[in-house]
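All letters in the sequence shown, in the order written, are residues 1 to 112 by this note's numbering.
These aren't lab readings, by the way, just hints derived from the structure by calculation. Note that this is a predicted model, so its numbers are computed, not measured. Beta carbons are placed, not taken as given, at the ideal position from N, Cα and C, and that holds for glycine. Just to be clear, a hint being listed does not mean it is correct.
Said to hold, decoys possible - Label-pair distances were calculated between CB atoms; the ranges are: (1) Ala54 with Phe27: 34 to 40 Å; (2) Trp66 with Ala35: 19 to 25 Å; (3) Ile33 with Tyr55: 28 to 34 Å; (4) Asp52 with Trp81: 32 to 38 Å; (5) Arg83 with Tyr55: 36 to 42 Å.
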Amino acid sequence: MSADNTTPETAPDPDDPRVERHTAGAFDIRNFIGALLGLYGIILTLMGIFGDKAYEKTGGVNANLWTGLILLLMSAIFMTWARLRPIIVPAHVEPPDDDATRPAPKRRPSGH
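Using the sequences and the hints, build the whole thing.
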């Protein structure tokens, strides 16, 4: 409480449906991981179905097929996780101060 008996400003409740939320969307790392696992899963599944089974090397198991199916399952889990629990990007984040040791463009002074 401040001296003038007003209530302090509080952050909005993120679970409030009226608050507009901005999510990471396609830039969520779980989407990248899920896409890569899915791509490798498709390739290995197709190789397990159409390629050389190599049963003598794997002890009678079609390793490409089973590994591909497991990768597809893991891909689905990552994509579902990213969809059900999205990363919420804060509405306003202060940019970091310029660092003389960082070889990046410097921020321009305000007013330009």
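Here is how each hint holds up against the structure:
1. Ala54 with Phe27: 34 to 40 Å: About 39 Å separates the Cβ atoms of Ala54 and Phe27, which means 34 to 40 Å holds.
2. Trp66 with Ala35: 19 to 25 Å: Given range 19 to 25 Å: holds, Cβ gap about 21 Å.
3. Ile33 with Tyr55: 28 to 34 Å: 31 Å, holds
4. Asp52 with Trp81: 32 to 38 Å: Distance hint for Asp52, Trp81 holds at roughly 34 Å.
5. Arg83 with Tyr55: 36 to 42 Å: Holds, since Arg83 and Tyr55 (Cβ atoms, about 38 Å apart) stay within the stated range.
The structure fails none of the hints (numbered hints given earlier).
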